[in-house]
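Go by the hints and put chains V and B onto chain Z.
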Amino acid sequence: MSCGIWKKRISDAQDGALSGKRAVRLERHLEECVSCRAYRDDLDRLGKGAKGLADSGLAPGEWEDFGRRLGARLAAASASREAGGRRDDERGDARAMAHPPASWAWARAGVGFLLLAFVVTYFAVLRPRRGQEPASISFEDSVAQVIGEIGPDPELDRSFNREIVVSINEAVGDQPETSAIRFDDNPLFWEGMSEEDLRFIESELRKEQGHGGRI
Amino acid sequence: MRTKRVIILLLACLALPTWAAARPLQGDPQTRARLRENINTLRLLRMTEALDLTEAQTARLFPALNRIEKEKAELQRRMGVEIRDLRAALDKSPVQDADILVLVRRVKEIRQSVQQKDEELEALLDENLTPVQKGRYLIFLVDFARGLGEKLNRVRQIRGKN
Amino acid sequence: MDERPDDVLVEEARRGKREAFSELARRHQQRIYGLIYGMTRNRSDADDLCQEVFLTAFRSIPGFHGRSSFSTWVYRIAVNASLNFLKKRDRERARAGFHENLPERDGRKAAASSPEMSAVSNELQDRIEDAVGSLPPHFKASFLLVADQGLSHAEAARALGCSENTVSWRMHKARKMLQARLKPFLDEVGS
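Chains as they are written, first to last, in this note's numbering: chain Z, 281 to 495; chain V, -10 to 151; chain B, 45 to 235.
Bound conformation, chain Z alone (with noise of 0.2 Å):
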């Protein structure tokens, strides 16, 4: 695994979000890894400067003023949430003495239904689907539910796809530029290519590697 993946690594052991034998495995590295020791060792600094960022460095007294303008404004919040609560019982008492029950509660029901009507076609049909929880599961539906989002719109097609390639970049990491591409030590590696692969894969070593290159 490269540094890039290995970095990755470290951030997620710093929250504690790294399980047993990948914390393992990373502390295995860590001892073989004086690059990665330095970034892990960055890290710990960064992550003690960071406690106390939020410190506002408010004084008790401070904090009380804060929870008496607090309350006041509850306070206010509460009082006019009652007073719409007893208007809307005034008007209930006006409208009960207006109408009789039985033509209300027709009334109501049939308001029920309409909601009820709007809503399930709401959520079938109207609702935008914008970067909803996939319910599929497979690789091609959610490239192409994507891409059905996207729609015809070359701009955002665009931007999309700079963003992709952004995220391809960061995850491809930190390359130390003298690493030296060995293939030939892997037999497995040749494998699963075809001929017209085996040919590209050639040509962009020797591009790479200036003149000749070796293979």
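Read the hints as simulated data drawn from the structure, not as lab findings. Hints may be right or wrong, so weigh each one.
[To be verified] Derived DSS-like pairs (lysine-lysine); straight-line CA-CA distance at most 25 Å: (1) Z:Lys328 / B:Lys131; (2) B:Lys217 / Z:Lys328; (3) B:Lys131 / B:Lys227; (4) B:Lys217 / B:Lys227; (5) V:Lys106 / V:Lys59; (6) Z:Lys328 / B:Lys220; (7) V:Lys81 / V:Lys97; (8) B:Lys61 / Z:Lys331; (9) Z:Lys301 / B:Lys227; (10) B:Lys132 / Z:Lys301; (11) V:Lys59 / V:Lys97; (12) V:Lys81 / V:Lys106; (13) V:Lys59 / V:Lys123; (14) Z:Lys301 / V:Lys123; (15) Z:Lys328 / B:Lys227.
The structure presented is a predicted model; accordingly, all values stated were derived computationally and were not measured.
Okay, now just chains V and B, sitting in the frame of chain Z:
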């Protein structure tokens, strides 16, 4: 062997023509194809991390996963053409039943082929992943799909700002 | 000292008992204020926003069904309020010709409250503050919730309304950005 470098090169071989973000838009199907390939590239990179794939696993899986994905993309492209033709045939007046049936049969055949590709993918993963990796793969698919949705929302929000 | 658990207080607050809500607010106000202050870096704005957050929570609590904890729910209100505030502030600054996303540091922290802080030089501390302040809003929110407030990825994901995986990646990216920016100062402290 530096696995990540291998992976990059593998993916570059199989997706490089569409990876370069600077390419001008050349029309809908091509931009779609480019986006699909980039999403697939990201999927494979994230999968390596999420599943803790070994070098041997990546060497076996990635070329095959890419090939299957390319084949599915081509099937989807053909499906798009057939659906378009089907729509046109249904809009004709009078509707020609024989034409409709031919197009319906073609769409069904393509759909079956896509399903076969999915089965091939499942078999490949079954052969090459440990039980834990298989479990992680299913969770990874959900997380990856959700991540795509979140990215799209973010892009929309940024566009909304500008 | 009221020792009733949060869920009991929430139930009473839902039934309209203001003193129950006031007790909930008292228990959580420092952390919520801390988060908002971390986002805005301005005491006066943090004070106003924090009051608004609790007022919003008070008005909405009849509809709170306890699917998450009360603190996660209020964190979520606070995150949304902070992000909206920052968006509005950035727009106003852009209109007024300010282009720097510089965090304000108003004279505070007369006494360091956390023992860890005493291990870090004052200069590094200021730099960390500035660097975190300049993170993009969603990264800043994730970082403050997890690295400062100590939430797990799952809890932060609920507060932020995103997936746990997204929180994990944002933390990784935020740390990479911070480490790259602060490298010379981190090295100084290390040596």
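Structure-based check of all given hints:
1. A threshold of 25 Å between alpha carbons decides the hint, and for Lys328 of chain Z with Lys131 of chain B the separation of about 29 Å lies outside it, so the pair is violated.
2. Distance hint between Lys217 of chain B and Lys328 of chain Z is fulfilled; the C-alpha atoms sit about 18 Å from each other, no more than 25 Å.
3. Only pairs whose Cα atoms come within 25 Å are accepted, and Lys131 of chain B paired with Lys227 of chain B is rejected, the gap being roughly 29 Å.
4. Taking the CA atoms of Lys217 of chain B and Lys227 of chain B, the gap is near 15 Å; set against the 25 Å cutoff, the hint holds.
5. This hinted pair checks out: Lys106 of chain V and Lys59 of chain V have alpha carbons roughly 10 Å apart, not beyond 25 Å.
6. Of the supplied pair hints, the one linking Lys328 of chain Z and Lys220 of chain B holds, its CA atoms being roughly 16 Å apart against a limit of 25 Å.
7. For the hint pairing Lys81 of chain V with Lys97 of chain V, the CA-to-CA distance comes to about 21 Å; that is within 25 Å, so the pair holds.
8. A C-alpha spacing of about 35 Å is found between Lys61 of chain B and Lys331 of chain Z, which places the hinted pair above 25 Å, so the restraint is violated.
9. Simply put, Lys301 of chain Z and Lys227 of chain B have alpha-carbon atoms about 30 Å apart, too far for the 25 Å limit, and the pair is violated.
10. In summary, the hint linking Lys132 of chain B to Lys301 of chain Z is not supported, as the alpha carbons are separated by about 45 Å, beyond the 25 Å threshold.
11. A threshold of 25 Å between alpha carbons decides the hint, and for Lys59 of chain V with Lys97 of chain V the separation of about 20 Å falls inside it, so the pair holds.
12. Between the alpha carbons of Lys81 of chain V and Lys106 of chain V the distance comes to roughly 34 Å, so the proposed pair goes past 25 Å and is violated.
13. For the hint pairing Lys59 of chain V with Lys123 of chain V, the CA-to-CA distance comes to about 23 Å; that is within 25 Å, so the pair holds.
14. Restraint check for Lys301 of chain Z and Lys123 of chain V: the C-alpha separation of about 17 Å stays at or below 25 Å, so the hint holds.
15. At roughly 15 Å between alpha-carbon atoms, Lys328 of chain Z and Lys227 of chain B fall within 25 Å of each other, so this suggested pair holds.
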